[in-house]
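Please construct the entire structure, taking both the sequences and the accompanying hints into account.
In order, the protein sequence lines correspond to chains W and R.
Residues 1 to 327 in our numbering are what the first sequence lists, from first letter to last.
Residues 1 to 273 in our numbering are what the second sequence lists, from first letter to last.
Any given hint could be a false lead.
Sample of chain R residues lacking proximity to chain W, with all beta carbon distances greater than 10 Å (derived) [stated by the list, open to error]:
#	residue
1	64
2	79
3	96
4	122
5	212
6	252
A partial selection of chain R residues facing chain W, derived with a Cβ cut-off under 7 Å [stated by the list, open to error]:
#	residue
7	94
8	107
9	111
10	117
Derived from the structure by calculation, the hints contain no laboratory data.
Just so it is clear, CB atoms sit at the ideal spot from N, CA and C, and this is done for glycine as well.
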Amino acid sequence: MTQATVTSAPKQRLLTLETTLILIGIIGLVLAPFYFYPVFLMKVLCFALFACAFNLLLGYTGILSFGHAAFFGGAAYFTAHAVKEWGLPTELGILVGVLGATILGLIIGFFAIRRQGIYSTMITLALAQMFAFFCLQASFTHGEDGIQGVPRGYLLGFIDLNQPLNMYFFVLAVFLIGMFIIWRIINSPFGMILKSVRENEPRAISLGYSVARYKLAAFVMSAALTGLAGGLKAIVFQFATLTDVSWQMSGEVVLMTLLGGIGTLVGPIFGAGLVAALENYLATSEFPVTVITGIIFMVCVLVFRRGIIGELYASRLGKRLESKPDN
Amino acid sequence: MTVSLNDTAFGGGQSSPGASGGQDSRVVLSARGLRRDFGGFVAVNNVDLDVHHARVHALIGPNGAGKTTVFNLLTKFLQPTSGTITLLDHDITKTDPAKVARMGLVRSFQISAVFPHLTVLDNVRVALQRPGGLSTQFWLPMQALNRLNERAMELIEAVGLQDARKNLAADLSYGRKRVLEIATTLALDPKVLLLDEPMAGMGHEDVHIVSDIIREVAKDRAILMVEHNLKVVADLCDQVTVLQRGEILTSGDYLTVSQDERVRVAYMGTEHE
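As structure tokens, this is what we get:
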């Protein structure tokens with residue numbers, strides 16, 4: 001009995017640590033726009049949601065997608081088009097983006113989950129590149145110009161989203177809802193099956209699970225949530241361009257997730273914040289951004305492979321466990 | 001480690017308790033003319049196999065004889081090049097492996113197949129989730145799985161792992177991992193169990209524990225096992241099939257098979273003592 005309680009303790013501590021981090025984070029995010037530039041914060045939140053949605057697939061299902069830009073940038077295009085050309089209200093426009101990303105996720109996921117490891121990753125890259133090319137050629141995306149001047153509109157018809165603070169709290173609310181959905185999926189009966197597939201796929205099959213279906217479901221959920229982030233970004237910046245569907249964007253989200261910590265709920269948020277902050281800061285300096293982020297990526301992979309939050313969890317838990325008398 | 005075996009934990013409670021081997025001998029799993037080629041190499045050739053209800057059937061043979069390949073074919077992890085497989089009167093020659101598992105044919109693996117970073121309790125619960133209809137709900141909290149706890153604990157207690165229920169499977173000793181794997185397999189209440197070297201790498205006392213569990217489980221199910229420990233085979237198995245170079249050398253009860261000169265040659269490589 002004592003043995004059981006001692007070994008269950010780390011999980012409990014991890015939960016406490018995570019809850020504390022989340023509470024501090026929410027309070028910080030509510031106060032942040034009064035101290036920082038709201039557009040920058042909104043950019044961080046969009047990328048944070050993007051990274052967390054990506055992590056749902058990489059960290060909790062074990063599938064590395066190198067094509068998530070298609071869902072992010074695709075949703076940005078769909079939302080921008082729906083709001084600007086069709087005149088849909090903002091919230092419906094974002095839903096159109098989510099729907100588009102979901103369909104793209106079904107198509108790309110359908111092919112990607114048929115293979116494993118690097119082959120699956122290459123399929124996502126290839127299909128996402130095809131989509132990027134489609135976006136370059138299609139007329140509704142306006143090629144190199146992108147869709148410019150997307151109106152932010154009124155939320156529910158009466159909250160003016162052109163007010164920076166209104167827009168910020170709308171983004172924050174969507175972000176928190178997105179995070180809640182991800183948290184719920186991870187900590188659900190379905191999430192348990194995803195974990196088991198990641199842990200030991202042949203065993204999951206031998207227990208009667210049609211693994212492909214669970215993988216596809218996770219892929220589509222990840223794509224839909226990525227679409228939520230992409231649609232939101234189009235409203236925040238009021239444009240959708242080729243940058244968001246390019247393969248560099250797929251790489252950037254891998255970097256954010258790795259930096260923050262694969263398989264941790266809040267890690268990718270920190271990763272996204274760090275990368276966005278660096279890009280903002282370095283944009284005005286003479287250092288090339290990509291070189292700096294590249295070096296950081298290498299240091300991360302070489303020195304702290306679990307990512308910032310992953311290492312924090314590991315060290316906090318490790319220390320507390322060591323200090324505990326062993327009997 | 002203490003073992004307490006009871007019928008409620010192992011049996012679904014459907015069939016008559018205490019029916020020991022031999023009474024009801026219907027064939028539940030059978031293969032005819034099973035063959036598998038890998039390129040030009042014939043790994044398994046012309047294998048006929050009948051696995052009976054409530055009996056333990058051993059598949060033995062030297063290394064590379066094709067035992068694991070036969071397992072992979074029967075469970076459809078590999079598609080046979082030719083031949084047919086029948087499970088409980090259904091032709092499963094073309095069925096996918098997950099479906100086969102759902103039909104009641106569940107296998108274990110040569111290396112221990114647990115979910116290492118899940119707790120012992122979660123390992124067993126994962127197996128119970130699908131039959132319990134709790135595998136697709138992504139909107140429910142994890143607590144929804146608590147209603148599987150009672151059944152999970154029955155299985156865990158039956159194999160003597162109750163003290164470790166909150167430990168990660170990765171932290172268990174090798175023998176206890178195998179025992180956990182058996183508990184997980186039994187959670188599906190399978191009709192036919194395929195055990196790939198369940199005793200391999202185990203200490204003496206663990207072998208006894210697993211033998212007891214297998215004997216108990218076999219009262220109500222068919223078991224086909226690959227095993228190198230001939231003492232275990234002699235002790236446990238009603239029927240022995242010897243494979244050599246992908247083909248069946250002989251088949252019968254242990255005494256007959258063990259006295260077969262060809263089997264000795266296959267194992268020793270020579271007729272000399």
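Hints and how they fare:
Remark: the non-interface label on residue 64 of chain R is consistent with the geometry, its nearest Cβ contact in chain W lying 21 Å away (cut-off 10 Å). The beta carbon of residue 79 of chain R is kept farther than 10 Å from every beta carbon of chain W, the shortest such distance being approximately 14 Å. With 10 Å as the threshold on Cβ separation, the claim that residue 96 of chain R sits away from chain W is violated: the shortest Cβ distance comes to roughly 8 Å. Not every CB of chain W is more than 10 Å from the CB of residue 122 of chain R (nearest about 7 Å), against its label as outside the interface.
Against chain W, the non-interface label of residue 212 of chain R holds: every CB pair exceeds 10 Å, the least being about 23 Å. No beta-carbon of chain W is positioned within 10 Å of the beta-carbon of residue 252 of chain R; the least distance is around 29 Å. The criterion of a C-beta within 7 Å of any C-beta in chain W is not met by residue 94 of chain R, whose closest approach is roughly 16 Å, and the hint is violated. Interface hint status for residue 107 of chain R: upheld, as the beta-carbon distance to the closest one in chain W is roughly 5 Å, under 7 Å.
At about 10 Å, the closest approach between the beta carbon of residue 111 of chain R and any beta carbon in chain W exceeds 7 Å, and the interface hint on this residue is violated. A least Cβ separation of about 6 Å between residue 117 of chain R and chain W falls short of the 7 Å threshold, and the interface hint therefore holds.
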